[in-house]
Amino acid sequence: MQLRYAFRLYPDAAQQTALARAFGCARVVFNDAVRAREDARKAQQPFPTAGQLSTRLITQAKRTPERSWLGEVSAVVLQQSLRDAEAAYRNFFASLKGTRKGPKAGAPRFKSLKDSRQSIRFTANARWNITGGGRLNLPKIGAVKVKWSRTLPGQPSSVTVVKDAAGRYFASFVIDTDQAVDAARMPDTDQAIGIDLGLTHFAVLSDGTKIDSPRFLRRAEKKLKKTQRELSRKQKGSNNRAKARLKIARAHAKVADARREFHHQLSTKLIRDNQAIAVEDLAVKGLARTRLAKSVHDAGWASFIGMLEYKAERYGRTLVRIGRFTPTSQTCSTCGTVDGPKPLNVREWTCATCDTTHDRDHNAAINVKTAAGLAATACGAPVRPGAIPAQREETGSHGIPTGNRAA
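In numbering that gives the first Met the number 0, the protein residues as written are 0 to 406.
Keep in mind that the hints were calculated from the coordinates and are not lab data. Bear in mind the structure is a predicted one, so any value in this text is a computation, not a measurement.
Derived SDA-like pairs (lysine to any residue); straight-line CA-CA distance at most 20 Å:
1) 253 to 228
2) 61 to 138
3) 253 to 167
4) 41 to 91
5) 113 to 236
6) 113 to 163
7) 221 to 295
8) 103 to 85
9) 293 to 254
10) 209 to 264
11) 233 to 246
12) 224 to 164
13) 110 to 20
14) 268 to 184
15) 225 to 248
16) 221 to 291
17) 284 to 104
18) 284 to 325
19) 224 to 242
20) 41 to 105
21) 139 to 159
22) 341 to 286
23) 222 to 239
24) 221 to 251
25) 224 to 246
26) 221 to 257
27) 103 to 285
28) 100 to 305
29) 100 to 86
30) 268 to 200
31) 100 to 283
Model the full assembly from the supplied sequences, consistent with the hints where possible.
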C-alpha cells in the first residue's frame, strides 16, 4: 500500500523565493497545457499529445524571451505539471463516460496566483536527497530544514512540496509500505464493534462507550469571528489586509489540524482494539444541506470513516458499511421489534414488546453491529475490496501540531 508521510518544512528567505519561482513556473506550464487543449478543441482539431506539449511548452518555450525564465527551475517540476494536466483531463473524460468512481470531475481550469494551495512534485530522477544533517536537498532550491517527527520506513518514490493557505510548507513523501510489517504491528484480536456516529456524542460504541464530540469549530468561533471582522475593516489590496487574511487562514488551519489529529487517534485506537468494525453509510452531503450543516462539517464524519477504511485495509482488519436506510434507531436491539421513527430529542425509549429501556445511540450502535453480521464473530464479515490511494497523513504517538504524519 502507498502512504504519504508529510513533514513540516522551514525554508529560509532565499529558499522561499526559489520555491515561489518553482510554484509559478509549474502553474504557467499547467495553464499553457490547458490553453493548448482548449484551442485545439475550439478549432476542432485532435488534442496535442503529452510529448508534443512537452516539446512546445517546455523545451521550445525556454528558448523564447517570453518563457526563458522556465529554465530557472528543475525540468522535472515542469514535466510533472504537464502530467497533472493530463491526469485532470483523463479524470474529466472518465467522468463524462461514467467510468470514474466517486464524484464527477469537472473540466480542468486555469490555476491562479491567488490559489490557497500551491505545490510542486519531484520524482526520483530529479536527484533530490536527504542530507546527512537531515535536510531535504531539492534541485535549484537548496537544502531545506525539515522537522522530522519519525524516520521514514522506506525509500520514497517522490516528494511533493506544498504551501498551504496559512503560509506553511510541507514535504509529502510517497512510500510503499510492507504489508507483513504492518500486520505484525497489530496482531489479530477476537473483538468486534459497531459505531453510531452523531452530534451529541461524536461516536457511541456497541459496548456502551461514549466518545464526546470535541466541536473544534464551535470552540474556535469566537476567535474566528473576531479575525473576520478585522479583515473586513482592512482596505482591499493593502498589506494589512493580506496579513489579516493570513491570520484567518492560520486560525482555520489550527482547527482543521486539531480535528484531523482527533480522527487519527480515535481511528487508530479502534483499528488496534478490534478485528472488525461496522459503521453506517451516512449521507453526509445531504445532512450538510440541512440546518445542522455547521455541526455536521465540524464533526467530519466522512474523513473519519475514510481513515477507518484505509487503516483497516492496511492492518488486515474488516470494515463493514451498512445501508443508510437500515432502521438502527427504530429497532429494539433486544427483541428486534421495529418501533417506528422518533424525533431527535428522544434520547431514551422503552420497547413496547419486551419493555426494555434503551439509550437511543447505544441501541443504534448495537443494531449497526448486528446488521453487519458481527454479533457472533469478528472474522465472518467480508473485507471491502478495492485499491487504497495514497493518504496525505496518518497520526501516531508523536505530538506535532500540524497532524501531518504517517503511522
